[in-house]
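Chemist: Single-letter residue listing:
Number of protein chains: 2
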Amino acid sequence: MEKRLARRVSRTAQSGLGNVFAASNPNLISFAAGFPAEDLFPKAALKKAFSDIFDRPGNDTLQYHDSLGLKSLREKIARHLNQTGTPAHADQLMLTQGAQQGIDLVARLVLDPGDGLAVEAPTYIGALASFDAYEPTYYEIPVAADGLDTTQLQKTLLQHDIKLLYTIPDYQNPTGTVMSLSKRQTLIQLAERYNFIILEDSPYRDLTYDQHTLPSLKSLDTNGRVINLGSFSKILAPGLRLGWLTAETELFDNLVELKAGSDVETSSVIMQGVNTYLDQNDLDAHIQVIRDSYTQKMNAMLTALQQEMPNQIHYNTPTGGFFIWLTAPTQIDMGQLLIKRMMPEGNVSYVPAKNLFPSKQHNNAARLNFTGQSIPNIYEGIHRMATILRSELTHVEQPMYAAFNR
Amino acid sequence: MEKRLARRVSRTAQSGLGNVFAASNPNLISFAAGFPAEDLFPKAALKKAFSDIFDRPGNDTLQYHDSLGLKSLREKIARHLNQTGTPAHADQLMLTQGAQQGIDLVARLVLDPGDGLAVEAPTYIGALASFDAYEPTYYEIPVAADGLDTTQLQKTLLQHDIKLLYTIPDYQNPTGTVMSLSKRQTLIQLAERYNFIILEDSPYRDLTYDQHTLPSLKSLDTNGRVINLGSFSKILAPGLRLGWLTAETELFDNLVELKAGSDVETSSVIMQGVNTYLDQNDLDAHIQVIRDSYTQKMNAMLTALQQEMPNQIHYNTPTGGFFIWLTAPTQIDMGQLLIKRMMPEGNVSYVPAKNLFPSKQHNNAARLNFTGQSIPNIYEGIHRMATILRSELTHVEQPMYAAFNR
Chain X
11 MEKRLARRVS RTAQSGLGNV FAASNPNLIS FAAGFPAEDL FPKAALKKAF SDIFDRPGND
71 TLQYHDSLGL KSLREKIARH LNQTGTPAHA DQLMLTQGAQ QGIDLVARLV LDPGDGLAVE
131 APTYIGALAS FDAYEPTYYE IPVAADGLDT TQLQKTLLQH DIKLLYTIPD YQNPTGTVMS
191 LSKRQTLIQL AERYNFIILE DSPYRDLTYD QHTLPSLKSL DTNGRVINLG SFSKILAPGL
251 RLGWLTAETE LFDNLVELKA GSDVETSSVI MQGVNTYLDQ NDLDAHIQVI RDSYTQKMNA
311 MLTALQQEMP NQIHYNTPTG GFFIWLTAPT QIDMGQLLIK RMMPEGNVSY VPAKNLFPSK
371 QHNNAARLNF TGQSIPNIYE GIHRMATILR SELTHVEQPM YAAFNR
Chain Y
11 MEKRLARRVS RTAQSGLGNV FAASNPNLIS FAAGFPAEDL FPKAALKKAF SDIFDRPGND
71 TLQYHDSLGL KSLREKIARH LNQTGTPAHA DQLMLTQGAQ QGIDLVARLV LDPGDGLAVE
131 APTYIGALAS FDAYEPTYYE IPVAADGLDT TQLQKTLLQH DIKLLYTIPD YQNPTGTVMS
191 LSKRQTLIQL AERYNFIILE DSPYRDLTYD QHTLPSLKSL DTNGRVINLG SFSKILAPGL
251 RLGWLTAETE LFDNLVELKA GSDVETSSVI MQGVNTYLDQ NDLDAHIQVI RDSYTQKMNA
311 MLTALQQEMP NQIHYNTPTG GFFIWLTAPT QIDMGQLLIK RMMPEGNVSY VPAKNLFPSK
371 QHNNAARLNF TGQSIPNIYE GIHRMATILR SELTHVEQPM YAAFNR
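Chains as they are written, first to last, in this note's numbering: chain X, 11 to 416; chain Y, 11 to 416.
A portion of the hints provided could be inaccurate.
Identical chains share a label here; the pair holds if one copy fits it or two copies do between them.
Said to hold, decoys possible - With a Cα cut of at most 25 Å, we get these calculated DSS-like pairs of lysine-lysine: (1) K81 x K57; (2) K165 x K13; (3) K86 x K350.
The set of hints was computed from the structure by calculation and includes no laboratory data.
Please model the entire structure based on the sequences and the hints provided.
Modeler: Next up, the structure:
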């Protein structure tokens, strides 16, 4: 007899998230995965920290603790958040298995099957993989150069009941855009008027390359409608798998209960190791080293795009984060092109637009990551992409479209 | 306006899982939490392993990888499972954030709201906390001294559609019982006849104190209906938060996708550390050390129970695992007694039966953990419990009940 699975399985099986991170041939230059630069991981300092935690008296580090996570680490993160424009208290901050688990727990907190969920279009593919498991009704809100289109959001809210809105306001994944202050203020007002919860995902917030950050949505929130997520994956190392969430008390207490059912607690060894790293090192100085390196890589990719890409290819100029968003004429299916030419012929890859929209209706764009490759590889990879795009564009006749989906 | 949350929140908020693990006063002797003995954690060997992983060339350990987990560690676990009566292949084995995440992912794989879920009664409280989030219809199958009551299960199957059955066949949590071989065979036949999936949770399987184990359910399964869970929490250290699941290909591939959406992947640092520990140490020898120590602790608790407890108090004699199940006359509410006398007056605690049944209809029993306390504390704690139970029983008039819920 055929085994009987949940409805959600037929949806999530199509996420394609596995493919993005799949192992690849050694000649491939991948702009696909959102990998940080490995050479920036503070290996020696982490070795010392992870060794030192085992020198303390007792074996408490290796025991069970609680779903909240290590208090002294929560205090350090809360301090960092307060210093960078996100109000936070250690007793309303929980450590998670990366920010991804935060997305999953908030979806679990808020969404019944069929509930209205507004997402930026395009958005983070991993968030969709998580949301899919809760079977929401998706509403796509287009992303403009200054963040999600609040006018379109308001139209959607007049017609549909939205219970949760997911946004990455700072250096959005995949477009690299920043939501303007006025849009942030409008979004908070709309959340209050239409009674929805905002999930503010901020993994890139510290990675600003113009030394300028706007107030977080959480800082503008007066009624506890914003849940904020963060992570050490982009500012320390993803192999730790350590993130956090912060929310006001009522939501927070429920999230802690849901975490207990989900995986009991975050690894005490990891929390102690990172806490000791933070005791022994200057995280802000390390973040500045990352910023400097990624600024050079971003500028290299922008230079390469400017030098190599035909006029019909558009792209934006981010001020932080991991990604540049590239838009081709509507006739170009960047997904098909990836499979048929870019990977087999060009040995270059990226994330095509299609899977970044719940509706899967946009094919003529791609996410380019600039942090995971060396500068020579960035130049070479963009050259390979441009060569193939130029040859494709000789077959395309009309001009077209806008860089963002307005 | 009141914030709108998912239906599941009102259920999971009552799990009470947090209380079981909550911090307590220093004079308390807790038989509540299922804590392993801290003095058995191989701290020096883990320090070496977690230090050595940072000595390798490159920074790959700190990067993203995939949702399956470290291949050489999956191979080692598969070998261990094959040697101990559970068929497994590394390519059908995924590393998880403890076995708890395995429970959560399998519930996510199988359960739509309202679907029939059979659980042992009583069962693991953390499993209920996880299942609650998927809003199943629970069917309680009583546990006898030789495991779940398959006759009662068959009656339930004739009347109700069951999609998933959750069991801990070896040294069950909370009763410490082992499912007999004939019941294991019957269960597999019923799963095939009534088309349900079996979730076999085996965190205690290696901790046998009579050197005798039965074939796992997975080894008796011919049609891929059994998903098996395991964990390093009880045989190495819970602070690692590392477990695994193994399933046949169709179910497995879907579980890997669900893991990606849930938390992307397990910590590479933890997987590399444990893998290196296993390269450098003899896990089987370490498990034997644990078995010897826990055998002494179990025998101490059994001796104390025999010496101290009044005749009206029944308990079983396990052959492995972490727990002894204590049953009082039905008039004694072990939950109320815990709060009103055992903790404030006796400075002793345990897990009362009530929350271990989805129906919360049984109050006259308790789970006693014997691994987390020293032998002197075991004697003292049982003495405290017995003193209060004796004074309570002077008010109880009639005799009573059976040790298990038959």
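Chemist: Does each hint hold? Answer for all of them.
Modeler: Now for the hints, and whether the structure bears them out:
no.: 1; hint: K81 x K57; result: both (22 Å within a copy, 23 Å between copies)
no.: 2; hint: K165 x K13; result: between (43 Å within a copy, 22 Å between copies)
no.: 3; hint: K86 x K350; result: neither (48 Å within a copy, 38 Å between copies)
In terms of the numbered hints stated before, the structure departs from hint 3 and from no other.
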